[in-house]
Amino acid sequence: MTEIKLQLNPEEQAILDGKQGEVLAKAMKSIVVYGEAFGATHLVDIVGDQHFVTSFGANTIKPYFAMMQELIDAGLKTQNPFTVDPRPIEYSSVNVNPIQKLVFNLVFGKQADYEKQLRALGLKNDNAFTCTCYFPEVGNTPKRGAMLAWSESSAVVYANSVLGARTNRNSAGIDVLCAILGKAPAFGFLTDAGRQATWKIEVKTSQKPSAQLLGSAIGLKVMEAVPYITGLDKFLGSEMNPTVEAFLKDMGAATASNGAVGLYHVENVTPEARDLGTKLLNPDYQTYVIDDAELGRVYAHYPILWKRLDAVPKRIFIGCPHLNRSQLDGWIERISAALQAHGQTRTLMPVDLSTPPDIADLYRKDPAVKARLDAMNVSISTICPLMYMNNPLAAMDPIATNSNKLRTYSSARFYLDEEIVELAVTGKVAAALKGEKVL
Amino acid sequence: MSRTFKGRPILSGACQGEALVSHSGFNTLASYETALILRTHQATCTDQNNPDLYKKVMTGKVLCLPQTIGSTTGGLVLMTTCSIGSQPKAMLFSNPIDSLAAAGVILSDIWLEKRIIVVDTLGTDFLQAVHTGESVSIAEDGTVTIE
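Heads up: the sequence lines are chains Z and A, in that order.
Be aware that the first sequence starts at 0, since it is given in numbering that gives the first Met the number 0, and climbs by one per residue.
Be aware that the second sequence starts at 0, since it is given in numbering that gives the first Met the number 0, and climbs by one per residue.
Just to be clear, a hint being listed does not mean it is correct.
[As the list claims (entries may be wrong)] Calculated pairs, DMTMM-like style, for lysine to aspartate or glutamate (alpha carbon to alpha carbon, straight line, at most 20 Å):
1) Z:LYS28 x A:GLU112
2) Z:LYS233 x Z:ASP274
3) Z:LYS25 x A:GLU112
Worth flagging that the hints you see were computed from the coordinates, not collected in a lab.
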């Protein structure tokens, strides 16, 4: 990869040649070599705000902090403001014991320093910490066709699929360099050809499937390919609304974490599929049929990493990726109804509902809502549950979740939504429930 | 009898090492998460979903894989393994390299001046031919020989 074949305009070439400093030249070299690995012929201008995956000041990622500091010391900033993933911990909403807190402070000991670096580079504001930056309350919602260089797999797949924006699955590091240059190499999802589907997924379930299970099945099968999903419009309808958007968000996150999907099309639902239909399918596509039995098989295949299989969870995490308002309201009412049905006032363990700071503020600043949630043992937090699970002590506890993404990256045990409610209220999942309602 | 495969050198170099083979996508974050948090040189795979690699030592091995999958922190994870010294000696992809792995190895090469030798597009036959524990040699031009 020594000879540069990617065509640069004179301004880009000057940057590469070091006319604007060594550090910017190194940034340009990085994205040029990166683009060349994928046959990119040129760079495109980024249009829109950026989103980065790296929100955590983990002591271990020293080379990344050093790179950030090199950029800052050279006086560089991103071309537009950016948002980042959630903060790793928030003690005011997620109670931890003193020893766990000590370990959190060790693992994420660089958090304050790193946030200073983010602000120096162009962080949008102090509430810009969420994996769902595209929610209207947060406001980093790219327009259809916008060229981006985002990271955070769940945000990338949502931006591409649901919003029709164009971004590759960029890694931490490359995302920042692209944002500083305001350029991204033109390959993959930035091109029409890269958005063609090579898998047809036929959903033939008897009822609306679990978004988390369906996404997992698709990701495990197609890996990084683009799937064109049929049969789902029957359950979702053809109009976008917060419920459909939440389904697509959670399904996408599962495809991206269980596999490496960065773009999917849902027939009659997502924007490009609505416009182009089966023209998005490559002629030599493969087919994967997903029915009730297939989802059951996928669910049964998940390893369980708890030490005791019959343990009562010590905590439940809901909201990876972060919940939208519709989901938040739904979970509060669902848990409340289950408590009432069992004659209880509190869940047996803390239930954490994670959502962006801009949404959390709406609930937490209302004293009546806060009192109601406190009484239920339910908290609204803004953390990244995955980062929480990076604390080796916290991860030793039996933690339950309805997030397939969290399951993939941690020892948290995955349960379906209805099982999670049952767990929260009774501490166990009835045999009649587990294993039968696998949708 | 040795078998030879020709791929595309992404970051060229010559070396010899012990193969560690993943037939499914290599989830970089899930594989290195604990080793990174603990900053251990001897990185043991913690990806529960990868039966080929789970609980196996990855440090210094020639990692043979179709591609990487999972979190977009993947490149950052690879970069960090290079700074700790727990990185694989080489990565041999049967598929074209993916964007996360490419970012990680390129950033390590340019910003840390630490190179993981990378060859991609070796083909599915390569991944079927190579077995964990076998000796593999890599040439500058992307030729891979399973001894």
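Item to complete: Provide an ascending list of the numbers of those earlier hints which the structure does not satisfy.
Response: Violated: none.
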